[in-house]
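*Asks:* The listed protein sequences correspond, in order, to chains A and B.
Our numbering applies: residue 1 is where the first sequence begins, and numbers increase by one.
Our numbering applies: residue 1001 is where the second sequence begins, and numbers increase by one.
Since the hints were made in silico from the structure, they are not lab data.
Be a bit skeptical, because a hint or two may be false.
What the hints assert, rightly or not - Rough simulated footprint, nothing fancy, chain A against chain B, three-plus residues with beta-carbon under 8 angstroms:
#1 1145–1152
#2 1231–1241
What the hints assert, rightly or not - With a straight-line cut-off of 25 angstroms between C-alpha atoms, the simulated PhoX-like cross-links for lysine-lysine are:
#3 Lys1135(B) <-> Lys1302(B)
#4 Lys1007(B) <-> Lys1302(B)
#5 Lys1302(B) <-> Lys1137(B)
#6 Lys1137(B) <-> Lys267(A)
#7 Lys267(A) <-> Lys1135(B)
#8 Lys297(A) <-> Lys129(A)
Claimed, not checked - If the Cβ cut is set under 8 angstroms, some of the chain A residues that face chain B in the computed set are:
#9 Thr142
#10 Asn144
#11 Thr190
#12 Ser223
#13 Ala242
#14 Gly243
#15 Ala244
#16 Ala321
Cβ atoms here follow ideal geometry from the backbone N, Cα and C, with glycine treated the same way.
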Amino acid sequence: MLHVALFGAGRIGAIHARNAAAHPALSLKYVVDPQGHAAARLAREVSAEVVAIDDALADPEVAGVIIASPTGSHLDQCLRAAASGNAIFCEKPIDLDLARARAAASALTGARLLLDFNRRFDPHFQALKRRLDAGAVGALETLNITSHDPAPPPVSYIAHSGGLFRDMTIHDFDTARWLLGEAPVEVFATASCLIDPAIGRAGDVDTAKVLLRTPSGKICLISNSRRSGYGYDQRIEAFGSAGAARVGNVTLSAVSTWTEVGAVADKFENFFIDRYADAYRLAMDHFAQVLEGAEPKVGLNEALAALALAEAAEQSSRIGAPVRL
Amino acid sequence: MKRAAPKVALLGAGRMGAIHGLNAARNPRLDLAYLIDPREDSAARLADELGCRRPTLAEALADPELVGVLIASPTDTHLEFVLTCLRANKAVFCEKPLDLELSRLRGAEPELISPTAPLYVAFNRRFDSHFLALKAKLASGEVGALESLNLISHDPAPPPPSFIPTSGGMFRDFTIHDFDVAAWLIEEEPVEVFAWASCLVDPAIGAAGDVDTARVVLRYPSGRMCTISNTRRSAYGYDQRAEAYGSRGMAMAGNPRISTVDTWNEAGALAAPLFASFQERYAQSYRAELDHFADVLAGATKPITAYVASRDALILAEAVGQSVRTGRIVRVNDI
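Can you build the whole structure from these sequences, using the hints too?
*Replies:* Shown next, in the form of structure tokens:
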């Protein structure tokens, strides 16, 4: 059994804890969270022990840590886990500050770090990637990514989220990089606060359109909103020289109903916890492989590149001009 | 006694001329009497098919019974013919765009903004039943207040390279439709535009100084946004969609297909393909806009799009072209 420790017993921590606990090759030994109540409840559920972070890192039996703490702690905990020789599974984003993340890069270079960009592990997006790699639509030319949340987070979250681009679009930046197969060199973004004025007062935006451009002239369009009003809208369209491939939304059921008012399909999966449930499981499977010696498929380079795109997009929307990376 | 249908003439026997000519000939509310086109071969064939005579433009305009002219000549001749026909007090149905040169179009503004005879400029998508249904959904408030719009407009295959130099470029020739659809759906004038464009489809298009693939972002005073995806070659049919995001939901106009038949086999599920050309995809809209022109001739309505819509769409085309050239946001008021 490979023993792992979880840092952070919040919403996403609970997902990873359950997946780790259920994994046949993993044993979730510790839950670490300064909020004792949440830690105790989760530890009880997954039969783990609540300890302090130092104790977890000092245990020679622990081979890996799962970092699902608040974003501001990610980088520091990555560094501590790397220093104690643990493999790392880190929730996105690695940090909210690119300069700080880059400064820490040398200390993390040798670490076995899996960055949990969940979309890379989603079976639907993986199927798209396989089709593109197999040449099903010819040479990829453009990409349209639609990523609309069902409802905005509480304003208290917005204030320390790092802003829409670092918190939400970061997923789309990584997805774009992954699918384009070529690093974007230029970013343009325009954004507004259309949903909730309180988000604007917190200094953030809630609606955005982003363009990325690669050296060969490929263009990616990202459409973001913090509130769709109809569920979690997660689609990708890839346009190539010989056709297009599309990933649609996953619905709660395959049932459609026809009545006098029209045809009604079932609702979309409500939010990321549901829509990406498989992806979170598969990411944990991959972490078990990493613990057994595999190279992480997504790591530090991807974390830094997505964060660089987020910073560039924010800058672009602020200055009203494209930003070169 | 039943009144005779109003007598109209068709100017231009090309691809669009054939579409409008055939629709006019079959429309019981129009009497297509003349076809004007100096090209002997194609014009004679089409005139024969439509059962019209082939006078010169001057002869046709001299006919006091002639009340309207359908202009489907090459784009760079539209404006001149429009002015000639209006001066002869004939109602005009002009294929889009009204002109490729904004300065020239603006120069003709005094004659075009409140013309002596009705002027309709054919932005056919406003008559497409699918886009009309989308517009009605937005008006019904079912998706709340409109916040952003994503338009996808991909041609099946690029035009011949010989067409490119006279086309005015992709934004004036092709995206012009999307600019008008955006204006129609969002009902606000954009303040800023930004676009990136590439030549990815055919190097010959690039050699002719044009682009074939683009992403355009329009920004409105209210902070609302519209994106436009364009390519000259989809390889899978004519992809024409509009997604309208509102405060309470989203409405999407999808692609009609050549049939409703889906097929399942070992390879997967296969839906029937999209229409392969604008002629097929928008056949209904071309008929509907001639009905509109018949209404205009009957005095029952005013043209829904004319000089202002043409000018505004052309302003956006120029602004977007400038943005692509300079790599900057272009303020619409600066055009």
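*Asks:* Are there hints from earlier that the structure breaks, and if so, what are their numbers?
*Replies:* none
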